[in-house]
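Chains as they are written, first to last, in the numbering used here: chain A, 486 to 580; chain B, 223 to 638; chain C, 84 to 1066; chain D, 38 to 223.
Read the hints as simulated data drawn from the structure, not as lab findings.
Where a beta carbon is used, it is the ideal one built from N, C-alpha and C, also for glycine.
Hints may contain errors.
[Said to hold, decoys possible] With a straight-line cut-off of 25 Å between C-alpha atoms, the simulated DSS-like cross-links for lysine-lysine are:
id, chain 1, residue 1, chain 2, residue 2
1, C, K189, B, K488
2, B, K629, C, K1001
3, C, K229, B, K376
[Claimed, not checked] If you only want the chain D side, here are some residues facing chain C, beta carbon under 7 Å, derived:
id, residue
4, E164
5, L187
6, S207
Listed below are the residues making up each chain.
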Amino acid sequence: MLINHPILGPRDASEFVYLGDANLIHRPDWQAEDALAQFTKYGYLRDNPAGEHRELWFHEQGDRSWLIVTRNTLTHEISKVEMARDVASAEGRSK
Amino acid sequence: MRYSGFRVIKEALTGHRGWGPAWRDIDPKSSYDYIIIGGGGHGLATAYYLAKEFGKSRVAVLEKDWIGGGNVGRNTTIIRSNYLLDGNEPFYEFSLKLWEGLEQELNYNAMVSQRGILNLIHSDAQRDAFIRRGNAMILNGADAELLSTEQILKSYPFLNVDNARFPIMGGLAQHRGGTVRHDAVAWGYARGADQRGVDIIQNCEVTGFKIENGRCLGVDTTRGFIGAQKVGACVAGSSSRLMAKASMRLPIETHVLQAFVSEGIKPLLPGVITFGAGHFYCSQSDKGGLVFGGDIDGYNSYAQRGNLPVIEDVCEGGMAILPMLGRARLLRSWGGVMDMSMDGSPIIDRTHVDGLYFNGGWCYGGFKATPASGFAYAHLLATDTPHQTATAYRFDRFATGRMIDEKGMGNQPNLH
Amino acid sequence: MTSPNRLNGGLIDRDQPLNFIFDGRQYSGFKGDTLASALLANNVRLMGRSFKYHRPRGPMTAGSEEPNALVELRTGARHEPNTRATTAELFEGLTAKSQNRWPSLKWDAMAINDRLSSFLTAGFYYKTFMWPTSFWEKVYEPIIRKAAGLGTLSHQPDPDNYDKGYLHCDVLIIGAGPAGLAAALTAGNSGASVILADEDYLLGGRLNSETHTIGDESGADWAAQTVAELQTMPNVRVMNRSTVIGSFDHGVYGVVERVSDHRPKPLTGKPRQILWRVYSKHAILSAGATERPIVFENNDRPGIMLASAMRSYANRWAVTPGKALAVFTNNDDGHKTAVDLTTLGVRVTVIDSRENAPSSGSYETIAGGRITNTAGRLGLTHVEVTTTSCTIRSLEVQGLGVSGGWNPNVQLTCHQRGRPQWDEALSAFVPGGVLPKGLVPAGAANGVFSTQWALRSGQQAATEVLGHLGKKSETIAFPEAEDAPAKIEPFWHVQGAKRAWVDQQNDVTAKDITLAHQENFVSVEHLKRYTTLGMATDQGKTSNIAGLAIMAEVSGKNIPEVGTTMFRPPYTPTAIGAFAGRSRDEHFRPVRKTPSHFWAEEQGAVFVEVGMWLRAQWFPRAGETHWRQSVDREVLQTRNSVGVCDVTTLGKIDVQGDDAAEFLNKVYCNGFAKLAVGKTRYGLMLREDGVAMDDGTAARLAEDHFVVTTTTANAIGVYRHMEFVRQCLFPDMNVQLISTTEAWAQYAVAGPNSRKLLQKIVDPEFPIDNEAFPFMACSEITVRGGLRARLFRISFSGELAYEIAVPTRYGDALMRCLMKEGEEFDVVPYGTEALGVMRIEKGHAAGNELNGTTTALNLGMGRMVSKKKDSIGSTLSEREGLNEDDALKLVGFKPVDLANPVPAGAHLMTKGSPVDAKHDQGYVTSACYSPNLGHHIGIGYLKSGDTRKGEIVRLVSPLTNVDHDVEVVSAHFIDPEGERLRA
Amino acid sequence: MPNLQAITPLGNKEPVTETYGPVTLTEITDIALASVSARLGREQDTAAALEAFLGTPPPGAAEHCGNNLSAFWMGPDQWMIEAPFETHEDLAARLAGTSPNAYSVTEQTDAWCRFDLKGPSLSDLFERLCAADTHAFTGGEAVRTSIEHLGCFVLCRTQNHFSVIGPRSSAGSLYHALVTAFRSVF
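Chain A on its own, in the form it takes in the complex:
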């Protein structure tokens, strides 16, 4: 499998370490009233789709960037690769 790194171009997936669903960047607010319930969902429930899946990969044997890869879990075809940091920023995550 190859991951087309936004900066480095196609690199063998074996250079990367997989984490999972890209929703893991949506860490809940610890001060919310239902924080415990939110964190439980965040930590444990997954869409796990058969089809397009946004997921986090870390370029461990490379530039140490976390990437969000949009990959089809039926065909393994990758349609989009983004820098996770850019996505997180764009979604309003800050400090």
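Since the structure of chain A is provided, determine the placement of chains B, C and D on it from the hints.
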């Protein structure tokens, strides 16, 4: 029809004309008391025990493809009950006991072979952990033995101890562990269930649930609606796809696990052996093929196939402990989809929908659980109470913080 | 020596005779021969035995799909079972042995199974061997296992090396027959980077086995010239003996190059095989086709082979299985064998199942005939032909070529789970469905069977691919070549046959398939699994289609309705060594050595693997006969004076930036914002699920600069986690991370004299007395006249202790210096064992305690989890199940009888309660003999342990036969008030 | 400087130089290394400071540049600076002093071992070692990739001169991988 050596001889002398179908091919009825979704090992076992142990007769197994085509048909055939945690060990020990009587139970030779399983130890810390585990096994009524390297070399004289990267410092053995002819498990349960009146319906895919007022009334299928008092989902790697039809999100990810078999060779490995410092475990089938595997590929996949780096990683592990393997050939690889749960342990539980039950999250340990999973699920379906060995396998354990995390890897399914 | 079956011509080198040995007998052949062709030349047709019935067998094919002629090649540690005689290249001195027979190939006692075959039908074993229960493992299975299997492994380490490699190309061309060569020429001319790989040692595919011409040249000559031309192109890499074994995601292919298998052993330093991982933008599958047999009674005798194989043996290797041959065919291709062999002076009779079979003047054709039986126990002697008029003729022949049509080699198109499609006109599966992205099939692999059209098809495929690459291609005008249409009338098996083999290796007969149907094993996957059809080492290449056809017949379906089978990697069985490559033996994984490693080796240290690291475990001294003596000495000397331990392996992460402190507040459950510059603090890191992930220290070197330490085992994972927190959760935090684990050699200097020792080394401008440099202080300093260094006053042992770090290259010298300067204090180096003893004596948690299931509460650090701030894991650590009243707590254990051990891994029971899992109270995580206390001690987790101090509990380890009482005590066995480390 | 004797990553007093066929392999120990990471919002300042230090703008992704003082790219807004050890043993301190708070500097000199390979056909060697397409390298590339399970930088200085920079603690394993590949190829 009862199988026996006498019967085989009789048929051989009369041209084998008397053998009937192992199970009937039939059309679905309009409704059942119990519908099991998924004709894999667990689903067929559930139907069998519902009929046999709980006297239920209006039972159907719906299989979208052909029975036994999921993980029961593609695994490395290992049975064992060498678990650490109290949530797991009694359940797997119950399963092992059911395996021990399976052939007589089913009148089907699934070749349950208790040739032993051996986990190699490569460090002091690993030994400490294995001693804790071995003790937990014994305290739960299972068998375990701590072996020295010398004892291991008596059975496996060719293990690499001379120039190994990681020294072999003994092993934890479970002599009652072993292997089973995996396909035969599905066929044996199917035949047994069929003989007790269970309808096994192949090529019948569930496309939706009929849920009214919080109660499941049946399932829509590619062969029409089928009503049911109770519906039990039992579809392993397809769990998330199926339960999404009931608006459920699960604590499960679907991953691919590859496994491998070599060309047939004359007897080499007496039992199952697991390399504790790499990703490799291996046994030898009765046909002579070395059946081996390692880690999952590590990314979500429903594709039933993996990639080259994992094949290399597994073979590296093999060469590390069995350096003669260089001259054996890998014959075939295959990939199965695994329902990896968030703590590495399964779920056998009711759902928020009345009449809809769930069995899944087996990670890549589902095969050895087949009899107990079927038994416990049948118990839950028939009595609405969990079987005594499966009380911990609840959905809400993540919310309450009562995870059953054998490997201590936390909520990351690909590490379990 | 005479070779009775050798013909004229062929592509062998008659100037290079080679001697070889098969089953102890010496023969000779020529360079260019395979073992099978050389044996046939010597009139040896019997080369193997089948798997189940031990039927005598000869080669069925002339290629890698061979199911029958499997031998054990070479001797000693290089002994290699199941080697196809049909692909083993002959070399001088080659030694081979037949396998799966006893006592000899001609007289095999296990052939009794053949007599019992009516009892041993498909799946018979599922129906019997069940009584009595214990007999399966003890009696039946050992017999079955001994009889099963094919060849034997050597039980010795494989002495050869394997290598790996990585190649990149625009186009990978798989197979160098006419289509592949045409594609390679076209792509090569365009300037694209091309890899042309073929499993054979001689490129050209069927061109080397046919008498076809291309223009004025023989096909073989044209192939050789084309290959030579390709080899001159710098952008084309031509790889022979290279099998493309698998098609993986995104254009990645596995290719195994057999570098040395044609030699007695590899040249010095050279690998036996190389596994190449090829990254291709596109691939052309020109892997040709495989002929398939027709199923008839006793169709498995030595001398019966595929008609195309017979032609290969004649044209390429100048060999015939005998002087009188027959061909049984359902298509025109079979007649080519008759034409070619007749031309070479061999008498051939063709039995063509088609009533309108073409006739020829040069050989007899029996149109509409069928072979209904054969004779010859160890080699074919007669075939029985039933003609259309139902008369039976017996022909005396030594060889029979069978042609049931051709199957395109679609395997690689299925590796990503594409399913082939049935082509009615060809009566064959052709590539179809979703192909691997970028793969274009061409030539016979795509059902294009004539040479002329294969050339065009190869060119077309290349042109298509070049178009995608944006490269221009020129059309090459290939000369005229053979262009016979594929005329076939499907005919799969001769009905009514008693025992007709479908899968020859696994002994699956037509009757087995009928039986499977009768028992409802109808789906192709059930059929395969129930009968073992297609599970042999040829992976069904010679058997699957006939099996499907017979199932179709008995179930009243057509072939595609019965199903297709799935092909999975590898394309042909592949040496496991090739997949492992260089990663074996002591090089299985890299070794990490500490800065003092070479010095420690000089001291005779005993080393232990800790992850990838090798660490000194203890340093034996003269006269010490047991490791405990060394370890006790190291502990006592350290606690009494001073000891030094290399702790470089702990992970070190440089955390810098304006938000560095805020960042640490997120990743540690305890607070760091208020930590003063020049101070160090213990930190506990949780996973998001509230379970302890790692612990270590963070030293604040500047307002915006921390050095964080991790445990040795978790260094990589913690760094990855911190990058996740930085990049994905708090992208606006101004913080930069980099690992500095290896940049600094770091030594723990511990013991009451540690300060005195360090004062001799630390440059005097840096005072390290208790006032200037108190407990938990940290500073950048210089040592030994200006060498930059870092000093931390932290203690794992519980003693007055420091950790000192210098640039790694000086680590060796610093250790020598510490030893020399410490002589006056009787300084001692200590290893990981003594380190472990001291931390257990002090009650410090380590890997055994941070086992991935324990929380801060379990560790006795529940109050460290700050509720005033957000940190990873703080919310989920509040779940009820993690905060139960009887939660496990870390405590110490002391044996009641001080002579007893406290073994790690033992479980704990309340006194008087039953000993079983239900009453389990906890377990011992770490234990040691404490030389300071003079008895064994342990630490571990006990339910409500913090309230049970003083209680006597029962320690049981049934696995190791231990059962005695221990007292629950504080985990801090030594200096519980921490006076020493603050001294 | 200090009266402590340095050793090489392979554990010797002097670096190793060996010849395999047409290629020379040399253990390089006379280069100081420091990483530079731009702080948030200070990317321009960092680039300017590095340009001032190096005499050339810092290299782009997967590239390296410079001669006596040189740099290679490690990650987004992160570089490794190379300088002669003899004159720049204090490289990290010097860089840190150049433009305070614009970037974070970390000493990396001894975190790594380095082997330089000089000779023809080096890509024939590297195709056995790593997945980088070194045949396409012309000079100036710097790729972080994995060699025999070790995370390494592969720098192509010219087509006849490559550097492999790997974790110092595994210098022996990296050296073994290189030598094995040499024997296999040449």
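Are the Cα atoms of K229 (chain C) and K376 (chain B) separated by 25 Å or less? Measuring from Cα to Cα gives roughly 19 Å; hence the hint holds.
For the pair we were handed, K189 (chain C) and K488 (chain B), check the Cα-Cα distance against 25 Å. Roughly 20 Å separates the two Cα atoms, so the pair holds.
So, E164 (chain D) near chain C? Judge it on the closest CB pair being under 7 Å. Where the cut-off is 7 Å and the nearest Cβ of chain C is about 5 Å from E164 (chain D), the hint holds.
Just to be careful: measuring from the Cβ of L187 (chain D) to every Cβ in chain C, is the smallest value less than 7 Å? OK, holds: L187 (chain D) within 7 Å of chain C, min 5 Å.
Could you grab the alpha-carbon distance between K629 (chain B) and K1001 (chain C) and see if it respects the 25 Å cut-off? holds (21 Å)
Holds or violated: is the Cβ of S207 (chain D) closer than 7 Å to a Cβ in chain C? holds (4 Å)
When held up to the earlier numbered hints, the structure conflicts with none and fits them all.
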